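2 protein chains.
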Amino acid sequence: MALPLVSLGTVALDTVETPFGRVENALGGSGTYFSLAASFFTKSGIVSVIGEDFPEEHLKFLQGKGVDTSGVERAEGKTFHWEGRYEHDMNAAETLKTDLNVLAAFKPKVPKDYQGCKYLFLANIDPTLQLEVLDEVKAEVSLCDTMNYWIESKKDELTQVFERVEGIIINDGEAREYCGTPNLIKAGRMLSDIGDSKVIIKKGEHGALFFHQDDFFAAPGYPIPNVVDPTGAGDSFAGGTIGHLAKHGSFKTEDIKKSIVCGSVIASYVCEGFSTNGVKDKTQEDIQKRYDDFRQLVAFDHTPP
Amino acid sequence: MALPLVSLGTVALDTVETPFGRVENALGGSGTYFSLAASFFTKSGIVSVIGEDFPEEHLKFLQGKGVDTSGVERAEGKTFHWEGRYEHDMNAAETLKTDLNVLAAFKPKVPKDYQGCKYLFLANIDPTLQLEVLDEVKAEVSLCDTMNYWIESKKDELTQVFERVEGIIINDGEAREYCGTPNLIKAGRMLSDIGDSKVIIKKGEHGALFFHQDDFFAAPGYPIPNVVDPTGAGDSFAGGTIGHLAKHGSFKTEDIKKSIVCGSVIASYVCEGFSTNGVKDKTQEDIQKRYDDFRQLVAFDHTPP
Chain A
1 MALPLVSLGT
11 VALDTVETPF
21 GRVENALGGS
31 GTYFSLAASF
41 FTKSGIVSVI
51 GEDFPEEHLK
61 FLQGKGVDTS
71 GVERAEGKTF
81 HWEGRYEHDM
91 NAAETLKTDL
101 NVLAAFKPKV
111 PKDYQGCKYL
121 FLANIDPTLQ
131 LEVLDEVKAE
141 VSLCDTMNYW
151 IESKKDELTQ
161 VFERVEGIII
171 NDGEAREYCG
181 TPNLIKAGRM
191 LSDIGDSKVI
201 IKKGEHGALF
211 FHQDDFFAAP
221 GYPIPNVVDP
231 TGAGDSFAGG
241 TIGHLAKHGS
251 FKTEDIKKSI
261 VCGSVIASYV
271 CEGFSTNGVK
281 DKTQEDIQKR
291 YDDFRQLVAF
301 DHTPP
Chain B
1 MALPLVSLGT
11 VALDTVETPF
21 GRVENALGGS
31 GTYFSLAASF
41 FTKSGIVSVI
51 GEDFPEEHLK
61 FLQGKGVDTS
71 GVERAEGKTF
81 HWEGRYEHDM
91 NAAETLKTDL
101 NVLAAFKPKV
111 PKDYQGCKYL
121 FLANIDPTLQ
131 LEVLDEVKAE
141 VSLCDTMNYW
151 IESKKDELTQ
161 VFERVEGIII
171 NDGEAREYCG
181 TPNLIKAGRM
191 LSDIGDSKVI
201 IKKGEHGALF
211 FHQDDFFAAP
221 GYPIPNVVDP
231 TGAGDSFAGG
241 TIGHLAKHGS
251 FKTEDIKKSI
261 VCGSVIASYV
271 CEGFSTNGVK
281 DKTQEDIQKR
291 YDDFRQLVAF
301 DHTPP
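Here the protein sequences line up with chains A and B, keeping their order. Note that the numbering used here numbers the first sequence so that position 56 is 56, with each residue one more than the last. Note that the numbering used here numbers the second sequence so that position 151 is 151, with each residue one more than the last.
Hint data in this document are derived by calculation from the structure and do not stem from the laboratory. Heads up, some of the hints might be wrong.
[Claimed, not checked] Taking lysine-lysine pairs in the BS3-like style, the calculated list, with each CA pair at most 25 Å apart, reads:
no., chain 1, residue 1, chain 2, residue 2
1, A, K65, A, K97
2, B, K118, A, K282
3, B, K118, A, K186
4, B, K118, A, K289
5, A, K289, B, K257
6, A, K186, B, K282
7, A, K109, A, K186
8, B, K118, B, K257
9, A, K257, B, K289
10, B, K257, A, K257
11, B, K97, B, K43
12, A, K65, A, K109
Note that this is a predicted model, so its numbers are computed, not measured.
All chains, full assembly: derive it from the sequences and hints.
Structure representation (structure tokens):
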């Protein structure tokens, strides 16, 4: 039987410094954060690449969470390495170094049993690779992310991806840039119109917006007074959201709203520790607790004003 | 009988340019936007000053909306004039000119029947004047706004205001600046701790947050694809919020949440036109409609994830 969920993303070793500390060569990458977040709700497989230096214990850790790593190729050379710093403003990272290493020549190899999976998530990566994996996996529902670099360098290929997926999950800045408008509401609707996609715009501390035709939903950010390291929050949000959708199977608007709240809960935990520390030991009860908090923090009296 | 609501603020003639047009010497000012927004829910009085050039028709317009203008002094000289421009990013105004004119020597004169009112709102103005009016009005519940200029030039006086009011309504940027932290959750709690105040942080397109002790509430921004001129949105938000509170009398957290949604509705209308055009002809039905929309746009399934 095909997996319920597959992601294409990076598995990385990150060096991150924030006002609260520093980690060197810690487990990171979009595929890692995504599948770890999704693991609260469903099994999933990762299509990615690592180098000879990647610690076996990290793979074991992911496998222990129900993540299938048979799509993670071990290649000659060093693992993709990102080095970044957050200063006073924890909302924006400064990239100090990006060593592509094995990612430079990465050709995604999709295991046979990943084909025909229910959900596919194409994390931020070269849109040419996203298109290849779309073709190969042939999922029932595919969603993608991207970043400013691809908007600027490969807009045509990226537009092809947007046309073909059923869902888009991107940052507010990227949505504004791709659509050429500062108005996020306009941008969300424009993105949705490209391929009649369901669109989620991530706004960091300000939460997330959902757009599809006349449907609109706004989730606030979970209130976190102590953000230790926001690295991976966006991919964890996507992982929690799509993982929850994959668990329940449906891609209907009402279910997406609920899944967005699940994604927000997991992203909030990720921000409270370096690398995967904020989320790796969390339980279903922890998820339920913040899910209930979310209900409270947007609740108001519905009688007429 | 004392008025339910009094505001201290500016009554101005604004020249504003946005990508959607330009108005010259149009009705503006924090007191104007505030009391017009509040007028959907309650009568209120303004303490302010205008010059000899201020058109009588604007006063008549406000009076027609149930605004008491006996606290608006007509002084020798010209009316306070602000000139600003919004370019591509409608979220931030560039101030081109500020002519204080009669505002430079403004000494607030509080009409006798404004004293002992239920609610007092001290819009953004010199904190020394805010303290004087606080002393003179002796309202049951007082709230204040401010701006970066006073945080930088009169922080001690501003802190005295914060200590004495029951509520603070300020922008996200000001909250971060006053508290010296980029984390809005931390900033909201710090502000609330100053005088056990109920704190509302305005975030423009991202909505508003409420803080008091362990209570927290998040309202998204109402989705507006066509922002024409955001001038006055913050003061209109405050006017709608406090006007609704004044109508119902209570300053309890549950009522504040509902009032924040009312304030957000009125602010959303203000953004859709220049000067007061977006809101001046709106009806109770218009308010009700977007209030109902708000319920929908944050609603999600509450069963366990």
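For which of the previously enumerated hints does the structure constitute a violation, in increasing order of number? 1, 2, 3, 4, 7, 11
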